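Undergrad: Which chain is which? The protein sequence lines are A, B, C and D, in order. When you number the first sequence by this note's numbering, it's gap-free, plus one each residue, and the end is 297. When you number the second sequence by this note's numbering, it's gap-free, plus one each residue, and the end is 297. When you number the third sequence by this note's numbering, it's gap-free, plus one each residue, and the end is 297. When you number the fourth sequence by this note's numbering, it's gap-free, plus one each residue, and the end is 297.
To be clear, the hints were calculated from the coordinates, so they are not data collected in a lab. As the structure is a computational prediction, the values presented were derived from the model and not from experiment. No residue lacks a Cβ here, since even glycine has one placed at the ideal position from N, Cα and C. Among the clues, some could well be false.
To be verified - Heads up, incomplete: computed chain B residues facing chain A, CB under 10 angstroms, no partners named:
#1 Val91
#2 Gln136
#3 Met233
Claimed, not checked - Lysine to aspartate or glutamate pairs mimicking DMTMM-like chemistry, simulated, CA-CA at most 20 angstroms apart:
#4 Lys243(B) - Asp205(B)
#5 Lys243(B) - Asp3(B)
#6 Lys180(A) - Glu285(B)
#7 Lys87(C) - Asp54(C)
#8 Lys87(A) - Glu140(C)
#9 Lys180(D) - Asp284(C)
#10 Lys243(A) - Asp54(A)
#11 Lys180(A) - Asp284(B)
#12 Lys208(B) - Asp164(B)
#13 Lys180(D) - Glu285(C)
#14 Lys13(D) - Asp3(D)
#15 Lys87(B) - Asp155(B)
#16 Lys204(C) - Asp164(C)
#17 Lys87(D) - Glu140(B)
#18 Lys87(C) - Glu160(C)
#19 Lys180(C) - Glu285(D)
#20 Lys163(A) - Asp199(A)
#21 Lys208(D) - Asp142(D)
#22 Lys208(A) - Asp142(A)
#23 Lys163(D) - Asp205(D)
#24 Lys87(B) - Asp3(B)
#25 Lys87(C) - Glu140(A)
#26 Lys180(B) - Glu285(A)
#27 Lys249(D) - Asp2(D)
#28 Lys87(B) - Glu140(D)
#29 Lys180(B) - Asp284(A)
#30 Lys180(B) - Asp205(B)
#31 Lys180(C) - Asp284(D)
#32 Lys87(C) - Glu140(C)
#33 Lys87(C) - Asp155(C)
#34 Lys180(B) - Glu190(B)
#35 Lys208(C) - Glu140(C)
#36 Lys87(D) - Asp164(D)
Stated by the list, open to error - Far from chain A, some chain B residues (derived; all Cβ distances over 12 angstroms):
#37 Asn80
#38 Asp142
#39 Gly225
#40 Phe235
Protein chains: 4
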Amino acid sequence: MDDGADVVSTLHKSRRELLPNIIGSTEETTTGLVRLRAMARDGALAFPVMAVNDALTKHLFDNRYGTGQSTMDGIVRATNYLIAGKKIVVVGYGWCSRGIAMRAKGLGGNVIVTEINPLKALEAVMDGFRVMPMLQAAREGDIFVSATGNKHVIDEHHMEVMKDGVLLANSGHFDIEVNKVALRALSVAEPQRVRPFVDQYTLKDGRKLNLLGEGRLINLAAAEGHPASVMDMSFAGQAMAAKYLLDNKGKLANQVYTIPEEVDQEIARIKLASMGIGIDTLTDEQYTYLNSWEEGT
Amino acid sequence: MDDGADVVSTLHKSRRELLPNIIGSTEETTTGLVRLRAMARDGALAFPVMAVNDALTKHLFDNRYGTGQSTMDGIVRATNYLIAGKKIVVVGYGWCSRGIAMRAKGLGGNVIVTEINPLKALEAVMDGFRVMPMLQAAREGDIFVSATGNKHVIDEHHMEVMKDGVLLANSGHFDIEVNKVALRALSVAEPQRVRPFVDQYTLKDGRKLNLLGEGRLINLAAAEGHPASVMDMSFAGQAMAAKYLLDNKGKLANQVYTIPEEVDQEIARIKLASMGIGIDTLTDEQYTYLNSWEEGT
Amino acid sequence: MDDGADVVSTLHKSRRELLPNIIGSTEETTTGLVRLRAMARDGALAFPVMAVNDALTKHLFDNRYGTGQSTMDGIVRATNYLIAGKKIVVVGYGWCSRGIAMRAKGLGGNVIVTEINPLKALEAVMDGFRVMPMLQAAREGDIFVSATGNKHVIDEHHMEVMKDGVLLANSGHFDIEVNKVALRALSVAEPQRVRPFVDQYTLKDGRKLNLLGEGRLINLAAAEGHPASVMDMSFAGQAMAAKYLLDNKGKLANQVYTIPEEVDQEIARIKLASMGIGIDTLTDEQYTYLNSWEEGT
Amino acid sequence: MDDGADVVSTLHKSRRELLPNIIGSTEETTTGLVRLRAMARDGALAFPVMAVNDALTKHLFDNRYGTGQSTMDGIVRATNYLIAGKKIVVVGYGWCSRGIAMRAKGLGGNVIVTEINPLKALEAVMDGFRVMPMLQAAREGDIFVSATGNKHVIDEHHMEVMKDGVLLANSGHFDIEVNKVALRALSVAEPQRVRPFVDQYTLKDGRKLNLLGEGRLINLAAAEGHPASVMDMSFAGQAMAAKYLLDNKGKLANQVYTIPEEVDQEIARIKLASMGIGIDTLTDEQYTYLNSWEEGT
Chain A
1 MDDGADVVST LHKSRRELLP NIIGSTEETT TGLVRLRAMA RDGALAFPVM AVNDALTKHL
61 FDNRYGTGQS TMDGIVRATN YLIAGKKIVV VGYGWCSRGI AMRAKGLGGN VIVTEINPLK
121 ALEAVMDGFR VMPMLQAARE GDIFVSATGN KHVIDEHHME VMKDGVLLAN SGHFDIEVNK
181 VALRALSVAE PQRVRPFVDQ YTLKDGRKLN LLGEGRLINL AAAEGHPASV MDMSFAGQAM
241 AAKYLLDNKG KLANQVYTIP EEVDQEIARI KLASMGIGID TLTDEQYTYL NSWEEGT
Chain B
1 MDDGADVVST LHKSRRELLP NIIGSTEETT TGLVRLRAMA RDGALAFPVM AVNDALTKHL
61 FDNRYGTGQS TMDGIVRATN YLIAGKKIVV VGYGWCSRGI AMRAKGLGGN VIVTEINPLK
121 ALEAVMDGFR VMPMLQAARE GDIFVSATGN KHVIDEHHME VMKDGVLLAN SGHFDIEVNK
181 VALRALSVAE PQRVRPFVDQ YTLKDGRKLN LLGEGRLINL AAAEGHPASV MDMSFAGQAM
241 AAKYLLDNKG KLANQVYTIP EEVDQEIARI KLASMGIGID TLTDEQYTYL NSWEEGT
Chain C
1 MDDGADVVST LHKSRRELLP NIIGSTEETT TGLVRLRAMA RDGALAFPVM AVNDALTKHL
61 FDNRYGTGQS TMDGIVRATN YLIAGKKIVV VGYGWCSRGI AMRAKGLGGN VIVTEINPLK
121 ALEAVMDGFR VMPMLQAARE GDIFVSATGN KHVIDEHHME VMKDGVLLAN SGHFDIEVNK
181 VALRALSVAE PQRVRPFVDQ YTLKDGRKLN LLGEGRLINL AAAEGHPASV MDMSFAGQAM
241 AAKYLLDNKG KLANQVYTIP EEVDQEIARI KLASMGIGID TLTDEQYTYL NSWEEGT
Chain D
1 MDDGADVVST LHKSRRELLP NIIGSTEETT TGLVRLRAMA RDGALAFPVM AVNDALTKHL
61 FDNRYGTGQS TMDGIVRATN YLIAGKKIVV VGYGWCSRGI AMRAKGLGGN VIVTEINPLK
121 ALEAVMDGFR VMPMLQAARE GDIFVSATGN KHVIDEHHME VMKDGVLLAN SGHFDIEVNK
181 VALRALSVAE PQRVRPFVDQ YTLKDGRKLN LLGEGRLINL AAAEGHPASV MDMSFAGQAM
241 AAKYLLDNKG KLANQVYTIP EEVDQEIARI KLASMGIGID TLTDEQYTYL NSWEEGT
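Just chain A, same shape as in the assembly (with noise of 0.2 angstroms):
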C-alpha cells in the first residue's frame, strides 16, 4: 500500500530484486498516479497498480473534503490567522485543490484560483472565483495554497512581486511545489523561525515571506492530516483493492487499474448506513423506464 508511489518508486530503483515477489500495489494519491502512470508508459512498472486515489469515494470525498478542511485547519494551526477577508491564493483546481478554495472561502476568504487545464479554470469561475495567472495572482494574494502535484508552481518570478508578509503553504505531496532553493536565494540569510512551523524569509528588499511547515504537507505538518471518519473510506478501498490484485493473481498486466464501480457503491452504501441516512430505491417501473427507449413522451 503506497503514498506518493514514494515505496514503488525506492523498489524500482534501488531494491530490483524484490520486485518477482511482489504481487502488486494500491496507490493512496493522485501525486504517485501521475508518476506510475509515466511508469507503465515507459514499460518500467514490473507489477500491477490499483489506483485507489481513483476511487470515487476516495478522490471525491477523502481528496475534496478532507484536503479542504485539514489544509485550512493547517494554516491556522501553524499561524492563528484570521482566514476571513484575506485574499486566498489556490493554485490548482483539481480535487484537493477545489476542497481548499471550497473551504477557504468557507471561512470568509476572498479566493482566487491559479490553473493550466482550460475546463477547470472555467469551471473555478462559475463556482464564483476569480482566476487569473499565477504571476498576477502572486501580487495580490496574502495567503498562497498549492496543491497540485506539480512542481515550482510556486517560483522565484511569484515571489519577486508577493506583498510584505504573505503565507506560502502547500498541500500537495511532495515539497517542492513551492520553489524553497530560489526562496533561500532571494533571501538575505538563514530563515527565522517565528513560531512553530512558521519560516520568516527576508527578502533583500525587506520584504518577509513566511514559509509554512518547510513547504511539506501543510495538513501533516501542522494539524494531524485528513479526519478518520473520511479516511475511513479511503482506507475501505485500499482494502477491496488488495483483496482484487490477490483474486486477480498472475491475470493482470503491469498496467494502473481503476477501482471497479461497484467497489465504489459498495463503500458508499456501508458509509451511508453508518451514518444512519437512508435513501431510495429503484421501483419496478422506474427501472424498467430506464432500460426502455420506447416510452416518452
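Chains B, C and D: place on chain A using the hints.
TA: Chains B, C and D only, in chain A's frame:
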C-alpha cells in the same frame, strides 16, 4: 441535432424510411442519452450518435450552472415566492440537480436531497445537505424539484403525506417525473390555474398542491431556459460533433460516442478568452517533471 | 402610509391646507426616512411619523431577503444573463445592498462592494467580498447594482472607464442613483431598447452600456417586487404603527418615532408560528440568572 | 479593563475598599455587560463602565468572525472531526453564535439553530438554517455548541435524548452553559479523557457523550483564542474607552456607556488603511442631497 432523443426516437419508430440517409446525430441531454444507450444496447440504433451532453464543457456547465439558475428562476417567476427560509426538496443529485441544490441554497433555502445512488447521496451529505428517502422528505418540503430523467419520482404515496400549499416543479426533460395522473386522481376536481404556470390541485382531505408549468421543464415553461452565456458552450459542442460525424462518415459504428477531450479543451479555452481571463501554461521544467517518474523526494 | 416620503413631501410642498387634519404617517423605506429626518431636523415636519422601515421585522427581512432576491430576479428577467462567473459591483453595503451581495454570491457571482462608511466596508471585507473605490470597481464589473438612497453613485467618470457591454441597474427608491443625464450625454444617440427593460446606450468610443428598467427600482420594473411572504411582516408593522399613532393621538411631537420593541417581537412570533416553527423560552432558572449579577464563576 | 465582569464583580463583592479609587472600567464581553447592566439597574454599580463590547468594531467583528472561526478551530483541534456532513446544533443566534453557524456551514456542516428570541430565530430561518426547540435539536445533532451567555442551555433533559457519541462544546464566557453537574449525574462514573480536551461520559444506558474542554470556552481551551487580526480592533476600542473615561473623569454617572460612533468609525478607517483597502467619500452633491428633503422625484 437532437434534444431528449425525440427526433431519433420518432425516426426509429415511425419514419424508418429516412434512416438510410442519416450520417449520424448529436444529443444534447442526459435524458436522451439514457434512451440512446438503451437503443444501442438493444442493437436498435441505426446510426452513430455523438454524446454532446457528455462533453465536459456541456454537462459541467449547462446542466449545472444553466439548469441551476434557470430552474430557480422559473419557480420564482411562476410564484414570486421568497426562497429564503423555505425547505426545498431536490430529487436527484446529478449535474442538473446539484446545480439546483446549489442555487436553492444560494437563495437562502434549506435543501433536502433524495437519491438512489449511494455515492451521489454521500456527496450531497458532505456538501452540507440533508439526505433522506423521498417519503420522509415529502413530509417536510415546501418546494419540490425533480431533475432525474426518471419517471414518477414524485409519486402518489409522496403526495399523500405532503404539507398543504407545497409547490411541485420538474426540471427533467419529460413531464413524467411528477405523477400527474396520480395527482389528478387524488384531487376532487380539475386544478385551478391560480397564476400563470401554477395549477392548484385540491385534494380530498382539503390540502392544496400546486403543480408548476404542468410538470414540464419549469425553466422553459415559466422562464427563458438557459442563459445564452452557458448555451454557447453546448452549441460549440454541437457544431464540433456534427463536423466530427461528417469527417468520420462511414468509419463509425451505430453506437454512442463521446466528444474527444481536445475538443472540450478547445471550447473552454475560447470561452475563457472571450471573458478576458488568462491562465497559466506548463513550464518546460514542469512538463518534464510530470512526465518523469524518476524525479521526486 | 407612505413609501419614499412621496406623499408626505407632496403634502408639505403643495397641499399644505391638508396638513392640520393629519394625525401622523408611517414610512416604509430607508430613502423616505433620510428625507423625513432631514425635515424633522429643519423643524419642517408638520406631524409625527412612525419609522416602519426601522422595525427590525421590516429592514432585517424586507430590505435584506426581499430586496436581495427580487433585485437579482429583476436583473435575470430583464436580461436572462447567467450570474455565475460574472463580476457584480454592489454599490453600498446597507441592508438592501448586503441582501443583493448575498444573493449575487449565492448565484455564483463574484461580488465587489463599494462603500462610504468604513464600518460597513470592513464588514463587507470580512464577509469575503472585495471592497474598493467605485472608480476602480467600474473598470472590473460586468453588472452594477446600486441601493444606497443616494444620488449619482454611478456617475459619469465611472461610465467612462467601464467595459463594453456592462449592465447598470438600480434598486434604490429613486431613479437618480445612476446618472442618466450623464449617460445620455456620453452617448451618440438615444438608447436602443434591445429587450424589454434593457436600454442600450452606445458611447462615442463605441462601447455599449445597458441601463435596466430606466434606472428605476429593477425589482419593481422588471420583476414583481418583494415576495408576499416577506411583505407580510412589513405590512404587519404598518398596521401596528397606524394603530399606535391613533392610540397616542395628541401625545406625540412632530418627530420620527421608532416602532416599540414588543411590536417587533410580536410580529416575529406570529410569523414563526405561521411557518410551524417552535422556539425555546427561558426557564425560571435562566431568567433569574440573566437578571442577577451575583451568580457566576 | 475587564472581561466577563470578573474583576468588577470581585471588586464589588470582596474588595469594596478599592472602589473609591476607581475612575471606571471597560468591558469586553456580552456576558459581562449582561451582569453590569443588572448591577446598574440595581444601583449597585460603583463607577462608570464603557461597553467596549457594544462598539460595532468589537461585536460585529470579534464576536462574529473571531468567535466563529476560533470556536470551530477549537472543536477541530480537540477532536480532528470532519465537519462536512455533520449536524451542528448552535445554541443561540447572537453575534457569537451566528459567527459559529456561518463557519460551521462554511465547513460543510448542516446547521440547526435554537433561540429564545423570535426575531433572531426568524433571521436564522431566513439565513437557511433549521430552527427548532432545543429538545428536538438534541435528538438530531452530532455536535452541539452554545454561545448564549446563559445557564444550562444544554441541560439534563436534552442529554437524555442525544445520540451516542455526540460532542458538547461551549463558546460562552462561563462554563455553565452545558450543565456539567447533570452530565456527571447521568453517568456511571467519572469521565474518561480520551484525547486532550475530550472527556467521554458514559451514560447509564451505554451512550457516550463527549464534553470538550471541560465546558469552558473551547476556542481558548483547545485553540488559541481569537486571531490577532480581529483582536486588534477590540483592543483599539479598549484603549479609546480608557482614554474617554480619563478625559471625562467626574462627569459620568455610575452607568454603562456605549462607545461614541466617531470612535468606531475611526477604528474601522485605520483597519481598512492597514489592509490597503480604499473606500469612497461623499461628493458635495451627494452630501447636499442626503441632507435635503426638497430634492427628489
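Undergrad: If you draw a straight line from the CA of Lys87(D) to the CA of Glu140(B), is it 20 angstroms or shorter?
TA: Holds, at roughly 17 angstroms.
Undergrad: For the restraint on Met233(B), tell me whether the closest CB of chain A is nearer than 10 angstroms.
TA: Holds - the Cβ of Met233(B) comes within 10 angstroms of chain A, reaching about 8 angstroms at its closest.
Undergrad: Within 20 angstroms, alpha carbon to alpha carbon, are Lys180(B) and Glu190(B)?
TA: holds, 11 angstroms
Undergrad: Is Lys243(B) within 20 angstroms of Asp205(B), Cα to Cα?
TA: Judged against 20 angstroms, a Cα distance of about 57 angstroms means the pair is violated.
Undergrad: Taken at face value, is the distance from the CA of Asp155(C) to the CA of Lys87(C) at most 20 angstroms?
TA: Within the cut-off at roughly 19 angstroms; holds.
Undergrad: Given Gln136(B) as an interface hint, is the shortest Cβ-Cβ distance to chain A below 10 angstroms?
TA: Holds, because the Cβ-Cβ distance from Gln136(B) to chain A comes to roughly 8 angstroms (cut-off 10 angstroms).
Undergrad: Does the no-contact call for Asp142(B) survive, Cβ to all of chain A over 12 angstroms?
TA: holds, 20 angstroms
Undergrad: For the pair we were handed, Lys208(B) and Asp164(B), check the Cα-Cα distance against 20 angstroms.
TA: Satisfied, since the Cα-Cα distance of roughly 5 angstroms is no more than 20 angstroms.
Undergrad: Could you grab the alpha-carbon distance between Lys180(B) and Asp205(B) and see if it respects the 20 angstroms cut-off?
TA: With a Cα-Cα distance of about 18 angstroms, the restraint between Lys180(B) and Asp205(B) holds, given a limit of 20 angstroms.
Undergrad: Lys249(D) and Asp2(D): Cα distance at most 20 angstroms?
TA: holds, 18 angstroms
Undergrad: Would you mind confirming whether the straight-line C-alpha gap from Lys163(A) to Asp199(A) stays at or under 20 angstroms?
TA: Judged against 20 angstroms, a Cα distance of about 16 angstroms means the pair holds.
Undergrad: Does Gly225(B) really sit off the interface, with its C-beta more than 12 angstroms from all C-beta atoms of chain A?
TA: Holds, because the least Cβ-Cβ distance between Gly225(B) and chain A comes to about 17 angstroms, which exceeds 12 angstroms.
In this structure, the hints that do not hold are numbers 4, 7 and 24, in rising order.
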